[in-house]
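Visitor: Listed below, chain by chain, are the residues.
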Amino acid sequence: MINKKLDRKADIQILDGNHAAALGAKLSRVQVIAAYPITPQSPVTESLSEFVEGGDLHAEYIAVESEHSAMAVCTSASLVGARTFTATSSHGLAYMHEMLHWVAGTRLPVVLACVNRAIGAPWNVQNDQQDSISQRDTGWIQIYARNNQEILDSVIQAYKIAESVYVPVMVCYDGYILSHTEMPVDVPSQGDVDRFLPPYKPHAILDPANPRNYNLVTLANPRVNADGILCHGYMEIRYLLQEALQKSRETIINVGQEFGKLFARSYANMFWEDRLDDAEIVIVAMGSLAMEATVAVDMLREEGHRVGVLSLRVFRPFPKDYLIEALSKARLIVVFDKNISYGSEGATCSEIKSALYGNRINAVIRNFIVGLGGRDVKAREIADAVRKSLPSLEEGGPNIEYPEWICHM
Amino acid sequence: MTYPSKERYHEFTPYVKIYLTIGIVGMVQKSFIDTKLYEIRWHGRGGQGAITAAKIIAQAAYLNGYNGVTAAPSFGAERRGAPVSASTRISPQTVMVMSQVEKPNVVVVLDDTLLKDPDTTSGLNSEGWLVVNSQHHPEELKCYGDFNIASADATSVCQELGLIVSGLTVVNTAILGALIRATEIVDMASLEKVIRERFSNKTIDINLAAITKTYEITKLHKMR
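Top line first, the protein sequences correspond to chains R and G.
According to the working numbering, the first sequence holds residues 1 to 409 in order.
According to the working numbering, the second sequence holds residues 410 to 633 in order.
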């Protein structure tokens, strides 16, 4: 049924990432937007308020005094059945942290665009992924975009995913590198997006005619409620959240495939593969860094190294078993992280290691911390890090315990 | 900007197809000539419009048939009057390089006092162009490097035309005339189309005049 013919000509616009995100929300016909501006996310909120003001988008734009309030408004709006959007970055996301847990726990399909930016101290307004990685345990699905096309497409898909599995979705993209860089984006028509994404039918709404309570104090054990019905305890409710995220992997793939059929841009997997077929060395990266990594692969392939890139698109739920086949031929995996779990290593490196455990893939894993606070990461630096790791390919393990940093230390 | 998608192409009548094909071949021809990645770095002062110029040329290049274009400001905070920079990448294929431009083919300078900073021309490669808004002839700019130089007094052109916003002469469109005179990176028709899309009716003609006039007065100094 989704195979209907496109009703449009390709509409290529040269857009920066923030406008791509705002257009994605507009095309998704969001009904309530509550956001607080923060660099480098501000143009998202500006564009959306202009759409609403100009009558191009029939939505409530609610100006709030903080990000915590923004997410509180999104919670309430979603509870009464509205399709809800917000966007933030860095300290804004950190300030929202408490409400992120509330939204996921309440199983509300809110979509948030996170423009990845470093977190203080010291003050820095530039890109890394520490902000969203710090929110990985809140129960949100996290999708990372490599370019502006993926930002727009991911916001639209995010609603379909969130409203199928009742888990909120965070669409993350690199501050400045994508948010402020213009590139060609194929903007789908409203008609096609409507065909892909029907109006939101909430599973339960607050309604004055049918009063109910949400999020009462819920003790650990199941308890009988006032109507004599045995209700879940806190732990059962939390189990269901984990189960929803586990199962959401199939939904994410199905939604991506459906999107691909209609818009001729397939999102058929939770990660992207570049030249992995014969690769014994695999670079792992997430976000725009994965684009730069393909240029490093061009360089390394010219030198005769069999290298490819595995680019993580979905970080939560982590596509553990789905990765195994793609990594099965790897003998050396070089993971680049624009984040770090201090005292341990880069977050995606830990995930890759955990995914491989017990799957008989005997690859050495090297981890490089790069690009924190907007430090430029050049293709040649990625290639250098891979070259530096080559002895591991000859000698094999053991893994180096802590990550290496590409910086002046 | 709207283009027919591949799917739609088959729906057109044969006559339309022929014209479309001529058009598309014409567009693609340019990309057969320039298969390399163009990297342009812009230097100006906050308020001169360097970032807008970077975006305009990216749009025009896309219209010219280049599939890969990116335009970005230098990342971080900007202030009026302070040095700012921006970059444009232009390629027949999708641009995969997202890091900052290190070795530009072209450096465009909107204010010649910025030439005092050696960083302005850093990395400019030997067949590249330095395009400067200056009253001075290219040879008089005291820029000694292994690159070609073009200069034009875009400021005077803009002042004559009244391209002044809040007391600041906005030379960003005018300097595009010098850029395409030196590099032929995009054609005038594509540039005009972008100007007509981006600017309000009142300011289209004056900006186009600034481009044309600057194009005419640009002085070129080739290394060989």
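I should point out that these hints are in silico values taken from the structure, not numbers from a laboratory.
Model, not experiment: these values are computed from the prediction.
Virtual Cβ for every residue (Gly too), placed ideally from N, Cα, C.
Heads up, some of the hints might be wrong.
[Unchecked claim] Taking lysine-lysine and the DSSO-like style, the derived pairs with C-alpha atoms no more than 27 Å apart in a straight line are: (1) G:K602 - R:K388; (2) G:K551 - G:K631; (3) G:K512 - R:K378; (4) G:K512 - G:K611; (5) G:K602 - G:K525; (6) R:K353 - R:K320; (7) G:K631 - G:K611; (8) G:K445 - R:K378; (9) R:K261 - R:K201.
[To be verified] Not the full set, but computed from the structure, chain R residues with beta-carbon under 7 Å of chain G: (10) I14; (11) L245; (12) Q246.
Visitor: Each hint should be assessed against the structure and marked as holding or not.
Guide: Hints, verified against the model:
1. G:K602 - R:K388: 49 Å, violated
2. G:K551 - G:K631: 15 Å, holds
3. G:K512 - R:K378: 12 Å, holds
4. G:K512 - G:K611: 38 Å, violated
5. G:K602 - G:K525: 35 Å, violated
6. R:K353 - R:K320: 10 Å, holds
7. G:K631 - G:K611: 37 Å, violated
8. G:K445 - R:K378: Between K445 (chain G) and K378 (chain R) the Cα gap is close to 18 Å, so the pair holds against 27 Å.
9. R:K261 - R:K201: Holds, because 23 Å separates the two Cα atoms, which is no more than 27 Å.
10. I14: Where the cut-off is 7 Å and the nearest Cβ of chain G is about 5 Å from I14 (chain R), the hint holds.
11. L245: 30 Å, violated
12. Q246: Not OK, violated: Q246 (chain R) not within 7 Å of chain G, min 33 Å.
The structure shown violates the earlier hints numbered 1, 4, 5, 7, 11 and 12.
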